[in-house]
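Colleague: The residues making up each chain are set out below.
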Amino acid sequence: MSGPANVAIVTPWYPTRQRPFLGAFVQAMVEATAPGHDRVRLYHCEEWGHRLPPGTSDAVDQGYRELIAHAVHPGRTVGGAELVHLPVPLPVTTDYAAIARRHEETLRSVLGGQPIDAPVVHAHVGLPGGWAALRNARPDARVFVTEHATFLDLVLAQPEARAMYEELLQRCAGVFAVGEAVRRPLVEAFPQHADRVGYLPNPISFEQQRAAPVTALRRWLFVGGLIPRKGVRWLLEAFASCRARDPELTLTFVGEGELRGQLQQRAEELGVADGLTFTGAVPPDRALALMREHDLLVHPSRFETFGMTVVEAVAAGLPVLVTRCGGPEETLAGVEDAAAELVDVEEGSEALIAGYWRLRERFDRLDLAGAQRELAARYSYPAVARAHDRVWFSAGDSVAGAVQAGLGGRIDD
Amino acid sequence: MTEQVLILALGATRKRAVVEDAAEVVARGGRVTVLITSAADWRRERFAPGVRVVDLTELEGRRLPLRVERAVLYRAPRLAFRAVGRGRLAGWTKRAGRAYERRIADRVHRRVFLPAYHRLRNDLVPQRLAERVVTETAADLLVVADPASIPLAARIVRQSPALRVGYGLPYLTPAAPS
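Residue numbers (our numbering), protein chains in the order written: chain W, 3 to 415; chain F, 382 to 559.
It should be emphasised that the hints constitute simulated quantities derived from the structure, not laboratory data.
Keep in mind that a hint or two might mislead.
Unchecked claim - Covered by chain W, according to a simulated footprint, are these stretches of chain F (three or more residues, beta-carbon under 8 Å): (1) 431-442; (2) 515-529.
Stated by the list, open to error - Sample of chain W residues at the chain F side, in silico, Cβ under 7 Å: (3) W50; (4) A61; (5) E68; (6) P76; (7) G77.
Unchecked claim - A short list of chain F residues far from chain W (calculated; beta carbon distances all over 10 Å): (8) A398; (9) V453; (10) P532; (11) R536; (12) L550.
The C-beta atom is built at its ideal place from N, Cα and C for all residues, glycine as well.
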């Protein structure tokens, strides 16, 4: 599996057995774009953090170098793409510059010091993915980056990491944000490079349809991490309140996280534990199947850069009750009345409760099929694949074009 | 021929992947050994039936100095408390025995014995124990599951360069296009 590829993709995030959710959107991007090209090669630089003493850490690095020839095997992933999975062992740190340099060095060592053999290199996450791609790309390669990071403010707050990000912006062919919530801090930090920061959304599959349409909003579903940022505490409170009026309501938490124990305990206190299901973390396919078995996605997040789950839910024929937390108000623009109830981010459950009853009251007037068609035109695999091909292989200023298209709301207009 | 897989998981930092990889080997009819540093790190995990888990701490506990320490610090006092604690004294000696282990024996073990033992024993002991497990397992597939396992894996591969080795079962098995 050597030789040149048409496109190489470099990412720190990609679903694994250890973290089956991480980077599901990168996997979707590969699945959408790879079938259109003879050879797409994905380099998954998976971070393996550790807290080993310095002497052992050195032995890990030495051993890793020795094992490269034996332990890194090219394989296959979605869309027929080639997959090169390489762990990046590194001491746990929040020094984003150091993390990015480690990714760069590890990728270089696996490549045997040779550049990535592809005319187009598309990386995910500016630091570390974009940096590792830029420093290992062929001199004539066009390097693109899609930024997804919710922690971009922390990266840009570190002087060295900020300087590296600016170098990335100067030297790459374009940086794409998955939504305004990511683009805004980049443009504010680097106004001189505003024309180099465009939009490219994550692709969503609209292929599989549910067996029967939603007929009542009783089976609630949450998909995501059970962490404070996702607003799951308020979701449980809202569920308990609504269930007091309609005892047939159920709620399924799909995901794992630090709050699981507290949620279970609180559910007992609220007397709603019998209406709750915790599935734990499940692979993306299973999460999508669960969407087709529920009536309503509730997404009470405090902040999202894109909010892929929300679009996936509409694609699965579900209406959504979602907070205005950054990404969703953009991704759902134009289909709010047809498929969604948007509520403000509040530290409380009242907005969710009121939103639920409003949505239930106007359930008969929803147009879920219409919303699906509208969002498929923006986010379906073919639509997003065409957008990638345009920026990868167009001769002109593709990034500015993508910015305009993104502002227009449809990338394939 | 039955596939023999050895999973090195000495760091216990990627437990979910280890448990799933081990289950897959068993499911496809192979034999799998998971080498771990301490069972305490894995007490929340459930390995599939048929998975052999080898605990290096437990192996090391079978060495003479640790056996003597256990006899002196725990077994002998337990016998003494049992001998004294008959009849009306039974309840009191049971509580006293538990308090002794918690307040004295465990502390002496942690604060005095283990530091001295680790200072005096040969640093290569865990390494040699691990290598003994590797030899016994006679694996034809080696999975390196976390950073702490990489140095041992490199030593194994130095001795057996033809051994198939990888950073996870999904990356070792030729996968059909999805």
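Colleague: Taking the hints in turn, state whether each one holds.
Modeller: Hints versus structure:
1. 431-442: Violated - the segment 431-442 of chain F has 0 residues with a Cβ nearer than 8 Å to chain W, which falls short of three.
2. 515-529: holds (count 4)
3. W50: 5 Å, holds
4. A61: 4 Å, holds
5. E68: Since chain F brings a Cβ to about 4 Å from E68 of chain W, closer than 7 Å, the hint holds.
6. P76: 9 Å, violated
7. G77: 5 Å, holds
8. A398: Incorrect as stated: the minimum Cβ-Cβ distance to chain W is 4 Å, not above 10 Å.
9. V453: 31 Å, holds
10. P532: 4 Å, violated
11. R536: Non-interface label fails for R536 of chain F: nearest chain W Cβ at 8 Å, not farther than 10 Å.
12. L550: 8 Å, violated
When held up to the earlier numbered hints, the structure conflicts with 1, 6, 8, 10, 11 and 12 and fits the remainder.
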